[in-house]
Amino acid sequence: QQQVKQSPQSLIVQKGGISIINCAYENTAFDYFPWYQQFPGKGPALLIAIRPDVSEKKEGRFTISFNKSAKQFSLHIMDSQPGDSATYFCAAAYNNDMRFGAGTRLTVKP
Amino acid sequence: DAGITQSPRYKITETGRQVTLMCHQTWSHSYMFWYRQDLGHGLRLIYYSAAADITDKGEVPDGYVVSRSKTENFPLTLESATRSQTSVYFCASSESSQMNTEAFFGQGTRLTVV
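So the sequence lines, in the order shown, correspond to chains A and B.
Just so you know, my numbering puts 67 at position 67 of the first sequence, and the rest follows in order with no gaps.
Just so you know, my numbering puts 1008 at position 8 of the second sequence, and the rest follows in order with no gaps.
Check the hints yourself; a few may be wrong.
[What the hints assert, rightly or not] Have a look at the derived ranges for each label pair, beta carbon to beta carbon:
1) A:LEU46 x B:THR1005: 10 to 20 angstroms
2) A:ALA45 x B:GLU1072: 42 to 52 angstroms
3) B:SER1028 x A:ARG51: 36 to 46 angstroms
4) A:ALA29 x B:GLU1095: 16 to 26 angstroms
[Unchecked claim] With a Cα cut of at most 30 angstroms, we get these calculated DSS-like pairs of lysine-lysine:
5) A:LYS15 x A:LYS5
6) A:LYS68 x A:LYS57
7) A:LYS42 x A:LYS57
8) A:LYS57 x A:LYS109
9) A:LYS68 x A:LYS58
10) A:LYS5 x B:LYS1057
11) A:LYS109 x B:LYS1011
12) A:LYS57 x A:LYS71
13) A:LYS42 x A:LYS15
14) A:LYS109 x A:LYS68
15) A:LYS109 x A:LYS15
16) A:LYS68 x B:LYS1070
17) B:LYS1070 x A:LYS42
18) B:LYS1057 x A:LYS71
19) B:LYS1057 x B:LYS1011
20) A:LYS15 x A:LYS58
21) A:LYS42 x B:LYS1011
22) B:LYS1070 x B:LYS1057
Since the hints were made in silico from the structure, they are not lab data.
For each residue, glycine too, the CB sits at the ideal point set by N, CA and C.
One chain only, chain B, in its complex shape (with noise of 0.2 angstroms):
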């Protein structure tokens, strides 16, 4: 199916342990994006991608590490998960080189560090 697609739904890890989020769009748009929500914030953005090989800090990105060999795949890893990376995770993409066009989410992934 084509779309964007985030795994797994749900994850709960423990504090200091590795984690990683996957996201995959079969639209082979150039740009993805990873964005934490958080009640009383809204979306904040993690990291963004503007093509394979190419990834940028967004406005959180301590504590998060991406890498993006293939176009259509845009892994997020917590080296060592902290209880205040407890959020709801959400992939994005758009075909333009630019934020100001439609960014298409996943269905996110709820993570939960105890």
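Next comes chain A alone, as it looks inside the complex (with noise of 0.2 angstroms):
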């Protein structure tokens, strides 16, 4: 039983487009939500994260929208660009637990 849920599986927008990815959790106690970028061949690396005291956190073309009440929260890619292109998995963390999504492959056209 997954304690974090992604949607979409895949995605493909066009260069210039909004980019959404959205997850949900189960477990109330995760305090600690980041969205990790993994491009083929490496290992995934932390993009954003947020905590559930705060219900948007913006880096760059980057959002995260929290939703604490629904249990939910999504990342948002404004502008997106073909570098862009990669695996976005969202995780949901408490102390020594950390639980990702089963990923977004994410494809931007030029």
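If you follow the hints, you should be able to join the two separate chains into one complex; please do so.
Following this line, the structure appears as structure tokens:
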């Protein structure tokens, strides 16, 4: 039973468009919600993260929206670029436990 | 070079054989982790270690053994490899005592069990 559910599995967006990836979690004890970006042949790397005391966090073109009552959070990539093409993983963590979503393969077409 | 390195990058082994995946980090991070990555499952935690000689099970520990005699090394051993253990394995480290800070991942080891 997956504790973090991520959708969609794959996403194709035109250059300049907005990419949106959604995640939902079960355990209300989670207190840290990172997004990792993974390029082919590489390990995941932290992209942006949020804690449940804020509803939104923005870093450049990347924004996390967090809805604590709905137990959902999402990643928005504004002005998507071909270089953003990668697999994105959401995660939720508490103490020594971090659970990942299944991943979203994003393709940004030029 | 500073960072976290895994070896080998690719490994093919036969069912029933023992295989060890190596992980080395140069940051002196206290926490180290082993994940496996499978299509449709994301990353799942196998084992983690809070410090040298302290290890604990994660979400999917069966069939795996870990040790941590030195802070910088965290090898993962498959004592008797099975086809279901074919996967990409990632080692990670974190300076914090909890998972709610950034984890740094290695480049992964692609293991095929035939």
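Hints and how they fare:
no.: 1; hint: A:LEU46 x B:THR1005: 10 to 20 angstroms; in the structure: holds, 18 angstroms
no.: 2; hint: A:ALA45 x B:GLU1072: 42 to 52 angstroms; in the structure: violated, 21 angstroms
no.: 3; hint: B:SER1028 x A:ARG51: 36 to 46 angstroms; in the structure: violated, 26 angstroms
no.: 4; hint: A:ALA29 x B:GLU1095: 16 to 26 angstroms; in the structure: holds, 22 angstroms
no.: 5; hint: A:LYS15 x A:LYS5; in the structure: holds, 27 angstroms
no.: 6; hint: A:LYS68 x A:LYS57; in the structure: holds, 14 angstroms
no.: 7; hint: A:LYS42 x A:LYS57; in the structure: holds, 26 angstroms
no.: 8; hint: A:LYS57 x A:LYS109; in the structure: holds, 26 angstroms
no.: 9; hint: A:LYS68 x A:LYS58; in the structure: holds, 17 angstroms
no.: 10; hint: A:LYS5 x B:LYS1057; in the structure: holds, 22 angstroms
no.: 11; hint: A:LYS109 x B:LYS1011; in the structure: violated, 34 angstroms
no.: 12; hint: A:LYS57 x A:LYS71; in the structure: holds, 16 angstroms
no.: 13; hint: A:LYS42 x A:LYS15; in the structure: holds, 23 angstroms
no.: 14; hint: A:LYS109 x A:LYS68; in the structure: violated, 33 angstroms
no.: 15; hint: A:LYS109 x A:LYS15; in the structure: holds, 6 angstroms
no.: 16; hint: A:LYS68 x B:LYS1070; in the structure: violated, 40 angstroms
no.: 17; hint: B:LYS1070 x A:LYS42; in the structure: holds, 25 angstroms
no.: 18; hint: B:LYS1057 x A:LYS71; in the structure: holds, 26 angstroms
no.: 19; hint: B:LYS1057 x B:LYS1011; in the structure: holds, 24 angstroms
no.: 20; hint: A:LYS15 x A:LYS58; in the structure: holds, 20 angstroms
no.: 21; hint: A:LYS42 x B:LYS1011; in the structure: holds, 16 angstroms
no.: 22; hint: B:LYS1070 x B:LYS1057; in the structure: holds, 18 angstroms
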